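Start counting the sequence shown at 1; every next residue gets the next number (the UniProt record's numbering).
In case anyone wonders, no lab produced these hints; they're calculated from the structure.
The model shown is predicted, which means the values in this text are computed figures rather than measured ones.
Where hints are given, some of them may not hold.
[What the hints assert, rightly or not] Think about it this way: if two alpha-carbon atoms lie no more than 16 angstroms apart in a straight line, the pair counts; the simulated EDC-like pairs of lysine to aspartate or glutamate are:
id, residue 1, residue 2
1, LYS526, ASP379
2, LYS286, ASP379
3, LYS387, GLU294
[What the hints assert, rightly or not] So the derived label-pair ranges between C-beta atoms look like this:
id, residue 1, residue 2, range
4, GLY402, PHE299, 18 to 28 angstroms
5, THR288, MET581, 38 to 48 angstroms
6, THR763, THR96, 37 to 47 angstroms
7, ASN368, THR670, 27 to 37 angstroms
8, THR596, SER267, 15 to 25 angstroms
Glycine included, C-beta positions come from ideal geometry on N, C-alpha and C.
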Amino acid sequence: MSRQRGHDHSYRPLVSKSQTPQRRNWPLIENYSIYWFCLICLGLLFSGMIFYQVYRAQPAAGNQPEVIKSKSAAEFHESPSEKRIRLICDSAVCRTVAFALNKTLNRDVDPCDDFYGFVCDGWRKRHPPERVNAKVSPFSLLASKISSIMQRGVRHSNQPWGKQNLQKVLAGGDANATFGPSIQVATFHQACIASLNDTEEAKAKKFLRRLLGQVGLTSLLSIDEVSKYDEEMIPTTAIETMISLSFLWGLPSLLMVYSMPDPTATSRNILIISASYKNDKESLRKVTPFIADESLDKFFEDSATAIKDFTTKVVHKSQLEVQKMSRLIAIVANILTIVNEEESHLTELNEIAKEIVLASLILDNSQNHSNWLLPKFSDQPKRMKLKDLSYITRSSSVDLLGTINKYVREHNQIYSKNEDVIIDSPRSLALLIMLLNDKNIEHAIKNYIAYSTIALLAPFVGSDARHRSAVLAQALGTVPQKFDVDRWCDYQAQEFLPLSYGAVFVREMVESSIKAEAQVVVDYVKAAFAEAMRENPWMDQSTRIRAMDKLRTMMAHVGFPDWFEDKLDTFIEARDLKPGMLFLDAVLRIKQQKVTSALRNFRKTNVRDINAWNFSPASLNAFYEHARNSITIPAAVLLFPFFTKGAPPAFNYGSLGSIVGHEVSHGFDTIGSNFDEEGNYIGWWTGKTKKKFNERNSCFVKQYEVLQNEILEGVHKSEIEKHGNAYKWCANIEARVGELMSLKDAHSTERLRCNAATMNIATFQEVFKCSAGAPMAPNKRCVTW
Numbered sequence: 001m002s003r004q005r006g007h008d009h010s011y012r013p014l015v016s017k018s019q020t021p022q023r024r025n026w027p028l029i030e031n032y033s034i035y036w037f038c039l040i041c042l043g044l045l046f047s048g049m050i051f052y053q054v055y056r057a058q059p060a061a062g063n064q065p066e067v068i069k070s071k072s073a074a075e076f077h078e079s080p081s082e083k084r085i086r087l088i089c090d091s092a093v094c095r096t097v098a099f100a101l102n103k104t105l106n107r108d109v110d111p112c113d114d115f116y117g118f119v120c121d122g123w124r125k126r127h128p129p130e131r132v133n134a135k136v137s138p139f140s141l142l143a144s145k146i147s148s149i150m151q152r153g154v155r156h157s158n159q160p161w162g163k164q165n166l167q168k169v170l171a172g173g174d175a176n177a178t179f180g181p182s183i184q185v186a187t188f189h190q191a192c193i194a195s196l197n198d199t200e201e202a203k204a205k206k207f208l209r210r211l212l213g214q215v216g217l218t219s220l221l222s223i224d225e226v227s228k229y230d231e232e233m234i235p236t237t238a239i240e241t242m243i244s245l246s247f248l249w250g251l252p253s254l255l256m257v258y259s260m261p262d263p264t265a266t267s268r269n270i271l272i273i274s275a276s277y278k279n280d281k282e283s284l285r286k287v288t289p290f291i292a293d294e295s296l297d298k299f300f301e302d303s304a305t306a307i308k309d310f311t312t313k314v315v316h317k318s319q320l321e322v323q324k325m326s327r328l329i330a331i332v333a334n335i336l337t338i339v340n341e342e343e344s345h346l347t348e349l350n351e352i353a354k355e356i357v358l359a360s361l362i363l364d365n366s367q368n369h370s371n372w373l374l375p376k377f378s379d380q381p382k383r384m385k386l387k388d389l390s391y392i393t394r395s396s397s398v399d400l401l402g403t404i405n406k407y408v409r410e411h412n413q414i415y416s417k418n419e420d421v422i423i424d425s426p427r428s429l430a431l432l433i434m435l436l437n438d439k440n441i442e443h444a445i446k447n448y449i450a451y452s453t454i455a456l457l458a459p460f461v462g463s464d465a466r467h468r469s470a471v472l473a474q475a476l477g478t479v480p481q482k483f484d485v486d487r488w489c490d491y492q493a494q495e496f497l498p499l500s501y502g503a504v505f506v507r508e509m510v511e512s513s514i515k516a517e518a519q520v521v522v523d524y525v526k527a528a529f530a531e532a533m534r535e536n537p538w539m540d541q542s543t544r545i546r547a548m549d550k551l552r553t554m555m556a557h558v559g560f561p562d563w564f565e566d567k568l569d570t571f572i573e574a575r576d577l578k579p580g581m582l583f584l585d586a587v588l589r590i591k592q593q594k595v596t597s598a599l600r601n602f603r604k605t606n607v608r609d610i611n612a613w614n615f616s617p618a619s620l621n622a623f624y625e626h627a628r629n630s631i632t633i634p635a636a637v638l639l640f641p642f643f644t645k646g647a648p649p650a651f652n653y654g655s656l657g658s659i660v661g662h663e664v665s666h667g668f669d670t671i672g673s674n675f676d677e678e679g680n681y682i683g684w685w686t687g688k689t690k691k692k693f694n695e696r697n698s699c700f701v702k703q704y705e706v707l708q709n710e711i712l713e714g715v716h717k718s719e720i721e722k723h724g725n726a727y728k729w730c731a732n733i734e735a736r737v738g739e740l741m742s743l744k745d746a747h748s749t750e751r752l753r754c755n756a757a758t759m760n761i762a763t764f765q766e767v768f769k770c771s772a773g774a775p776m777a778p779n780k781r782c783v784t785w
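Kindly produce the complete structure, drawing on both the sequences and the hints.
Next up, the structure:
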């Protein structure tokens with residue numbers, strides 16, 4: 001998984017045509033996923049040619065190898081394949097892995113026709129979809145096991161968590177107790193569980209009301225409550241409200257301000273002002289300079305009347321549409337009652353709900369016509385000086401720079417007018433500011449922001465609020481997940497306390513020696529990639545030299561940080577987390593701490609540090625970070641079926657090796673090839689090499705488009721490599737959920753991810769003796785590296 005770290009700007013209109021998914025009849029493909037599959041080959045082809053005899057070639061009765069030892073009683077009841085496993089495997093670990101793989105096979109399927117079916121049909125038959133989990137896979141089963149073990153010390157007072165009994169520590173309030181990772185996770189998890197209590201939820205709702213007042217969203221509060229706020233301290237405009245949400249808690253809204261490493265110079269940070277609906281951080285890397293145009297003055301004069309007329313028509317049209325949306329209005333009003341449950345206010349809440357739906361329609365309709373309304377402004381990211389914001393905001397009296405400095409000043413930070421800033425969409429920002437010139441529209445948009453903030457935070461308030469947000473999700477066409485409180489709280493602990501959660505996970509489930517063993521796999525895969533890079537015929541010498549340098553400097557975070565060994569007990573991830581606090585308060589304090597840290601470190605030089613981890617060691621995923629040129633292979637991926645200490649190397653290279661190869665390949669795919677060894681977005685491939693690379697890319701695209709998407713359908717050492725790769729993709733998915741995933745998930749289905757990668761490996765045909773032209777042995781294979 002390729003991932004660029006940044007703030008989650010996941011804000012979208014309440015009503016939007018784009019929310020209706022369009023049916024596709026071909027597998028979804030990401031351009032970079034094809035290199036994933038190519039790099040799997042490197043992981044698979046490392047080891048030589050034990051398991052063919054075990055899985056496929058059952059020996060004839062007269063050809064059984066002679067066993068020179070007495071038979072145990074159990075051996076008289078062995079199946080032929082079990083006997084072959086015992087004879088070939090020389091360790092208990094090898095036999096365990098072999099027996100596990102043997103049970104998944106469906107020998108009625110010809111591997112040359114469908115390797116995924118051959119390896120996984122037995123597994124799928126034994127693992128039907130669960131009530132709570134509509135998609136069952138080795139990933140989900142391992143995740144469930146991890147979650148159960150992690151919950152053990154939190155949920156049961158007679159069970160220890162690491163070296164301490166957390167229940168006694170928390171209940172006793174021992175002021176001398178070390179508030180390290182274990183207690184932090186337990187505290188957060190218990191606050192989550194406690195939020196289901198009616199009393200705690202009532203407190204959380206009052207807390208949320210105060211939060212709204214703090215950022216100037218007062219329409220849902222009583223007159224007495226509003227009178228308690230100092231008018232000079234709380235935001236009065238919608239722009240200031242949105243900026244305050246950014247700098248207080250990092251909460252997304254129609255406008256969000258945050259910082260990130262400068263795409264073209266990652267050693268320093270740059271301010272981002274985001275007003276785009278597209279939520280496309282990838283495009284920020286392709287930022288181009290903003291050219292100041294004095295003709296904008298005349299443009300604003302000419303367009304002012306046109307925009308005002310358009311706005312009037314949009315408001316009128318939207319008001320007519322609102323009358324037809326009584327069900328949605330009722331659901332939105334139900335969300336508002338989270339913070340205002342008084343029956344005497346129900347009529348008023350219903351009117352506010354209408355205004356919220358109206359605001360969403362106005363925003364959506366205006367955005368759809370923004371190209372016509374504001375042709376002078378680009379919809380693509382632009383780099384400019386902060387002083388040049390006036391070219392975008394001149395239609396309004398709003399002072400963006402002054403408002404931003406108002407909130408960063410308390411962190412000893414002031415931005416000067418000559419500093420660079422990236423605007424993700426000047427057009428969207430100009431449109432928003434123009435709409436806010438109309439005070440009636442601004443009032444509606446502020447209510448829309450209040451509703452969105454409530455809906456965003458509702459899951460952290462309590463069970464009643466969570467239920468109401470689930471009803472809203474269902475109305476908007478989203479399939480709400482089946483809710484299991486323990487798993488949900490466990491997930492939130494990992495999400496908000498990634499390193500603390502990972503520290504406890506490592507202590508409970510991971511042998512420290514496994515890190516070194518996995519590092520060997522990573523080093524060999526990188527070495528194999530380097531060899532393939534040296535030998536590939538399409539990369540010219542200058543590009544090859546830079547590519548080799550990038551591979552050499554690519555950091556590999558494997559297992560867990562080295563400092564876990566000696567500094568773990570003194571590590572505090574959330575300074576303000578205390579036993580007994582509201583869950584919503586805990587979540588917002590952690591978010592606030594991250595915003596504060598980003599502000600205070602804004603002017604510090606970013607250093608690529610092998611001990612600086614951005615992901616939890618307990619994460620069941622692997623990552624490549626473009627801006628850091630680094631891969632992360634968390635400790636959770638070093639468990640079966642991804643990695644098994646002491647297993648045959650072929651299995652570990654086939655499974656973990658393919659994962660490592662996938663992440664390494666992100667540094668050289670259609671996106672990664674634009675980043676240099678330091679993570680700067682600077683194209684360094686020559687045009688000739690890029691052209692040849694794209695030619696090989698197109699081979700995969702064509703091949704994948706003709707493969708049917710079957711997601712809804714009702715040994716030798718070289719073989720174990722392929723089994724190791726295929727096994728991890730075994731999955732069973734509810735048909736309805738599978739269909740939704742096929743429409744929205746950018747990744748290919750499990751069957752396709754397995755078969756499409758395998759069919760392009762020449763040795764597969766040799767090992768399984770497939771006829772040329774068979775589904776898994778096509779006459780034309782696609783190869784990049």
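So, going through the hints one by one against the coordinates:
1. LYS526 with ASP379: Given that 16 angstroms is the threshold and the Cα spacing comes to 39 angstroms, the pair is violated.
2. LYS286 with ASP379: holds (12 angstroms)
3. LYS387 with GLU294: holds (14 angstroms)
4. GLY402 with PHE299: 18 to 28 angstroms: holds (24 angstroms)
5. THR288 with MET581: 38 to 48 angstroms: holds (46 angstroms)
6. THR763 with THR96: 37 to 47 angstroms: violated (26 angstroms)
7. ASN368 with THR670: 27 to 37 angstroms: Taking Cβ atoms as reference, ASN368 and THR670 lie about 29 angstroms apart, which means the hint holds.
8. THR596 with SER267: 15 to 25 angstroms: holds (22 angstroms)
The earlier numbered hints that this structure contradicts are 1, 6.
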